[in-house]
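Chains as they are written, first to last, in my numbering: chain A, 35 to 398; chain Y, 2 to 259.
Among these hints, one or two may not hold up.
For each label pair, taking beta carbons as the anchor points, the in silico distance ranges come out as [said to hold, decoys possible]: (1) Y:I83 - A:R254: 54 to 62 Å; (2) Y:R49 - A:H156: 50 to 58 Å; (3) Y:L244 - A:E97: 56 to 64 Å; (4) A:R84 - Y:F4: 42 to 50 Å; (5) Y:A12 - A:T42: 49 to 57 Å; (6) A:D146 - Y:P68: 35 to 43 Å.
I should point out that these hints are in silico values taken from the structure, not numbers from a laboratory.
Just so it is clear, CB atoms sit at the ideal spot from N, CA and C, and this is done for glycine as well.
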Amino acid sequence: MINIQGLTILFESFKITDLNINIEEGEFHFLLGPTGSGKTLILESIMGLRKPHKGRIWIGEKEVQNLPPEQREISYVPQDLALFPHLRVKENVLYGIRARNLNLKLYEKYIDDLIEVMRIGHLLERYPVNLSGGEKKRVALLRALGPKPKLLLLDEPLSGLDLSIKTEIQHLLKTLHSSFRPTTLCVTHDFEEAYFLGDGITICIDGRVEQVGRRNDVFRRPKSRKVAQFLGAKNLYKAKVLGREDSLQRVILGVNGLQFYIPKSLSQETLELGTEVHLFIRPEEVMIIREGKPVKDSLKQNIFEGKILDTIDRGRYHMVYFETTEGKIRFEISIPNYAFRNLHLSIGKTVKAALREESLWVIP
Amino acid sequence: MNFRYTMIGAALCIFIFYLGLILSLFYFVGGKGFWEALANPYTLFSIRLSLIAATIATCFAVIIGLPSAYALSRFEFPGKRILDTFLEIPIIMSPIALGASFLVFFNTPLGEFIQNKGIFFVFEVPGIILAQFASIAGLATRLMKASLDEISPRYEAVARSLGSSPWKAFCGITLPLSFKGLLASVVLSWAKAVGEFGATVTLAGAMPGKTETVPIAVFTAIASAKIEKAIVLILILVAFGLLTLYAIRLTGKRYRYD
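Pulled out of the complex, with its shape left as it was, chain Y reads as follows:
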């Protein structure tokens, strides 16, 4: 068999597989329950909640992840390898296990102390943000590190020799040079946060109108045999996903730098 066609054929198979899956959803679109579900205030609530929680979780992931990514990319320090390995914890661990670990943590004296001092996580909105943060922080750091790795440290070396402080060199040289890559990392992390289910449902529960994000709403709809509602929500997730991919495509166009 022709080598080239075999390889391209395999790629086409994957494409058809996913496309078929998405198209099959439309088999149920348009029924009475479909439009009702779309207009349902709980549905709108979960969309809003998903977007807000994922955005906040992503912000936290960038605030802590970007400096960490820089440290991993540029410096040598003891424990670097272990730290690097730990970034994969959320990928290795099942999301349910991650959420369950949080539940356990908030039953330890330290966890109880934190909850008693004001912020409630268990079965509350901050729990959603925490769960999403936990599942994307490692990924965001890893992706941002890859973007920073692409920028030669030599640029900063030269900037330093010309009189820039390390902060100035980072903000004026490395950040703009890696900006597109960083942005793509952030968008991808955000999309993963939007789709997060296991850890969120375990830590924050599935209360409609309170802690029910879109993926959780899909699960409860399916569990109670509301197929049309589930499809509406799935399509919303698919739409978010495709928009994200398009955004990454846009950022993927690199400057003609080197």
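Pulled out of the complex, with its shape left as it was, chain A reads as follows:
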């Protein structure tokens, strides 16, 4: 178990205050934050390359913040990989075992397994300069895992790769993690990456932890506007609590004169009458209702009529820009391509949109 407590780093214009991260053994944990938020500084501090202003770091029972990097048993894969160019792939891979004077015999089977999972058996005699981008990533990962570190640090492992290689490495990381379960902390700015691979996610914005949680919690239930915006939340509106229906376990929110019925469970806080909050509508959970089709009871609460202002073909889905007739609230709805065609949606058409419970979330 990795425990980082109160890590504070002041460096040039960066200020990271009171960072706390807990990582369970075998967990793939993500530190997610916008580009330029000092994530690499955090990694360097955890590794011991940079002395943090304050903070304590435990690796299991061992407190390591005063130890030099070589005694922390933390492996590091930097963004640029830094494969040793003068050493063959094999020597790169065994570097950690040799540097720590470990008994190579005891690691042979493990390394062979890793080589097999990584499919780099045919590359062992090559120099890094003769490897492709994806192969370099695989070798760098293997080199880091070689000495069985207590913690694996990954700095933006999927950045700068072509889409096809990115997908390949992403799946490889998943396989690798499920087979060997290294405790991993990965920093990235890419939420999809974190969502695909991560067990737990810590969101760090402007040098502060904004939210910690399981990936679904973070994605579906952002705690603050900052987090929602960072996660690319599109439809975010100022709202006011207009009424409480305690018997029905729901509240009524008003946005621009339009009323939304919100189950209480969709807010982290009790919503007192008159409180100002933000309503977040998830674009991929909104349904456009087919004309003449019966509507399920569960959808009936929040159905709005409106006009389609614009549609954009995003390749994998369509983005529909919708404006309610009453209240003139605009929101984006993303619709799968087949549904888009079946619904015969076009600019100017009047349709009804149903906001399912899953599409709504209330943020302070």
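Mind docking chain Y on chain A? Use the hints.
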């Protein structure tokens, strides 16, 4: 005028300028005095002295310069900028002034103490080494720093995380990666030491058979109108110079690393 040809023409001018200068020396080659000068024991002595002194001075410059270069390249510490600026002192200061400063220093109580305790510098061979060291240490450090700067500190970071001590990471990773650049720096510094004149002559004097290096011998030969002897010595210096350049060319071929 064509842009490309103008630029290349300028480059050719420099080449012809230096080549002409060297070729003009051969106008006097082959006379009786020429061969006599070449076989002269004093000439052979100054060649040997130049090579040995320059090699020792270069060794000292590397021993102190390499760690300094590393410190300047990798660490932040108070006074770093000032230290970095001071490396240029020997370039800014006239070599004569540098040598004269040593003479002054060895007349201070500390300087006298050092000389009285065994090592004589003034008008002695150690003075040559000291003068050459003084004029190349800054340059050697600067050049080696440039070579180390080219190697990303990330390599060492990774090596440290994999369990290497800072020494091991330096010797096993950074040193081999920057080796060619470091070697070129050393060779260039050595060549500069061989050619050093001003500081050497001021501190160690110009005694044939004792402290007369090749550049000093050139000066005394010209001063006493022994043109042929001067030319022999100049050609020897040119030969050293060209060999050095060739050596740097050889080391200049970098591994196909990144």
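Okay, the hints, checked on the actual structure:
1. Y:I83 - A:R254: 54 to 62 Å: holds, 57 Å
2. Y:R49 - A:H156: 50 to 58 Å: holds, 56 Å
3. Y:L244 - A:E97: 56 to 64 Å: Since the Cβ atoms of Y:L244 and A:E97 sit about 58 Å apart, the hinted range of 56 to 64 Å holds.
4. A:R84 - Y:F4: 42 to 50 Å: holds, 49 Å
5. Y:A12 - A:T42: 49 to 57 Å: The hint (49 to 57 Å, Cβ to Cβ) holds, given that Y:A12 and A:T42 are roughly 56 Å apart.
6. A:D146 - Y:P68: 35 to 43 Å: holds, 41 Å
The structure agrees with every numbered hint stated previously.
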